[in-house]
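**Student:** Listed here are the chains, written in short residue letters.
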Amino acid sequence: MNRESSPLQLIFHRPRGTDLEALESTAVYEILYLFSENGPVDKETLDRVYLSMHQRTAQHPVSFNTVDDLKDFALSVCQDLRSPEVFVLSVQDYNIGVEAARDVKAFRELFRRYGVNIPNPDIINKGSGLIGRWFKK
Amino acid sequence: MDISLNPTEGKDSEFVLPGENWFFYWKTSASLWESKIAREAGAGPLFVPLYWGFHTENAETFDFGTLKPEADLVRLFRTAQQLHREVIFLLPLTPVPFQPSGGLPSFLARNPAQDRHGMTQAFLDAEGIVHKVHSFYDPRVYQAYRKYVWQLGQLLSQNSVSTEIRGLRGHWVEGLQSHSFLQDHSPAFFQGFYRFLKQQKLPLKLDENGQEVSALSAEEEKVHSARYRKLISDLYSQTASETLSGLWAGEQDYGFLGAAPTDIFPRSSDNWPMQTALMGDLLTFLDWDVVPSSVMLATKAKRGIIDRFLKDLLSHTFMQNALQRYVAEEADPSALLPLVFFEFFWDDEKRGQAAKALDELGLIPYVVRDFRGCWRWRTHFDFNRESEDFGPHRLKFFFSREMDRNRFQQVLRLFLNGQKIVLDRAGLDPVLEKKLQLFLTENDLKPQSINFLTQVGLIRLGDGMLLIYDGDKLKEQPAAKKIAFWEHITKYLNLRHLAVRGEELPFFVWKTRGTGVHDLNYDEIRRISLYNPGDTRLKCQVLGSKNFAFLKVVDPTNAQAKSTPVGVDVDLMPGGAIGLDFGHYEDKT
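Protein sequence lines correspond, in order, to chains A and B. Count along the first sequence from 1, add 946, and you get the number used in this note's numbering. Count along the second sequence from 1, add 1, and you get the number used in this note's numbering.
None of these hints come from the bench; they were simulated from the model. Each residue gets a CB set at the ideal place from its N, CA and C atoms; glycine is no exception. Hints are not guaranteed to be accurate.
What the hints assert, rightly or not - Listed next, the in silico DSSO-like pairs over lysine-lysine satisfying Cα-Cα at most 30 Å (straight line): (1) B:351 <-> A:1051; (2) A:989 <-> B:231; (3) B:357 <-> A:989; (4) A:1051 <-> B:540; (5) A:1051 <-> B:357; (6) B:206 <-> A:1051; (7) A:1017 <-> B:563; (8) B:540 <-> B:351.
Unchecked claim - Where chain A lies over chain B, by a calculated footprint (3+ residues, C-beta under 8 Å): (9) 263-272; (10) 412-423.
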């Protein structure tokens, strides 16, 4: 499946029952869904990117101690797949967005409107337009 | 294949009659009901799902046509009657994905139902509208539901509307499991659940916010939350059946294609292929004895292989059989109905554990290999069907850990009535063990004992058969031996079937029918229908076997079949489908 040039969308959550005692020792932010308009990102890609970033194999669901780590991973997957950008949403963000979505068009916009946008500098920097120049600064 | 939804496409009728003769009365003007039913509805009953939220906007007043002509259910019934059409009203007993707020009136839509990760459950209907279902666990919802059902009953009885009302229980599929739309992890669910635990004197603790939460282990919590869900499910069901008793025709499980909570992602995309996933979901619904419904899918999404499968499967006879569950399959011998050899009875409250438990016994790997699609999960221990000698060839599997005294007695009665029972005695309560021994002694039954991997006891009485084995011993065996165990059992019981082999198998279903004067001297005709929803060519082989004769190819589309000395070779191009008929005969002694 060719996923090139298709933005990625990632939804993560903090599992129920993760209490304060466990915060320091346990990974608390799990990736629930990572996909583009062509379909889900396959497990092999996730494993490959995770291994190259962390030098150990990923556990599934892939999880992280901090949201920043999760975003770094999302960007790496984005770069691996040459996607232009990834939108990262928590379940709470998703719930707010979906509440307002009335139809399929609004639903498609949900990730762009309510997610954190992480552009892929490899793609953006290649562009000669305004966005490309901005990222080169 | 592109199955995207585009709200600008499609005719109005497509959304009013979205599939399988379902009629969405609230989606069109009442003045058009007659013409739409007359011109566009298919043969057979008209299924009319009732939309609660369309009939009330507050807790006290109801509109059944006073304000909105489209809310006039009596008029709808009379219109159908004039057209000589049977109407079956479907009263949702769970949230449904094809109505706004899951069917609830807007004043009650305060608690969105959530999946296990806390995500709001949202669905795309055939028109591309996003529906968020709301929790049925809010006590206000139940109180209002009672009033609504009472008003509905009054309306129908005062207007002498004499038609069937069935409770609609909605389901969706994830993996190989069917889930109820009552499955909900919203705060409304947990508030009720913790109250339930408190009433049951089960352990609670305080969370960081000082709120009482469950102190059960994760496994125990699963069991008790399922029990609570069942309690609430029964509450809605009983309220409806008691209030509408004169017209009530029981409950019906419907599975909505494209309505798993995560289906909104692929369905909102133009490029995400879903045909293979939808085919898998269709077959899973069948495994769980749930009638599939395509009302959530736009016509465009159903084109091709899904449409072919639905037409092949959801025949008038199939629907009649599903609705009138007490009618024996033999009622219409020329009608093709799904071929079922095995029924696995498993407690509804523990349905999440069923596949794993049977996998450990080697049963799932065996039936997937040799009897794919020819089994049903039965999560309701109701045996009305059996009283009609329903499917005498079916083996009914029971598991002692799921048994209480009442169920155990029912199982023994089934055996006495000529049913074929396979009982795993592992975990059998000592009291029930004594009861079993007493039963055997009283009826002068002596088990024939066979020692093969586990101690197997076989008892026959007339047509009835009771086979008892120890599942705990079987579990300890290597995988290949467990499969060999079931192979021996089915061989001993003369269960004959044709195997399908191939590197990557297409989707297929087996159906059966009785024989007529044109069918030579066969005992039954079996049809395998094969489908390739993917984008690669698939080849497989239906292996020939003694007692079967290949008869003919049925409706090939982008597919070929060739008879060979070892069976029938099938070649399916992407989007291809084909049927093969085999005659089955038993050796005459």
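**Student:** Look at each hint and say if it fits the structure.
**Tutor:** Hints and how they fare:
Using a Cα cut-off of 30 Å, the hinted pair residue 351 of chain B and residue 1051 of chain A is violated, with the two alpha carbons roughly 39 Å apart. With a CA separation close to 36 Å, the supplied pair residue 989 of chain A and residue 231 of chain B exceeds the 30 Å bound. Distance check on the hinted pair: residue 357 of chain B and residue 989 of chain A sit about 23 Å apart at the alpha-carbon level, within 30 Å; holds. Only pairs whose Cα atoms come within 30 Å are accepted, and residue 1051 of chain A paired with residue 540 of chain B is rejected, the gap being roughly 39 Å.
For the hint linking residue 1051 of chain A to residue 357 of chain B, the alpha-carbon distance of about 40 Å lies beyond 30 Å, and the restraint is violated. With a C-alpha separation of about 44 Å, the suggested pairing of residue 206 of chain B with residue 1051 of chain A is violated against the 30 Å cut-off. Our distance criterion of 30 Å between C-alpha atoms is broken by residue 1017 of chain A and residue 563 of chain B, whose separation comes to about 55 Å. Under the criterion of a C-alpha separation no larger than 30 Å, the hint pairing residue 540 of chain B with residue 351 of chain B is inconsistent with the structure, at around 38 Å.
Closer than 8 Å: that is the beta-carbon criterion, and the region 263-272 of chain B has 9 residues meeting it against chain A, so the requirement of 3 holds. Beta-carbon proximity to chain A at under 8 Å applies to 0 residues in the region 412-423 of chain B; the threshold of 3 is not reached and the given coverage is violated.
Violated hints for the displayed structure, listed by number in ascending order: 1, 2, 4, 5, 6, 7, 8, 10.
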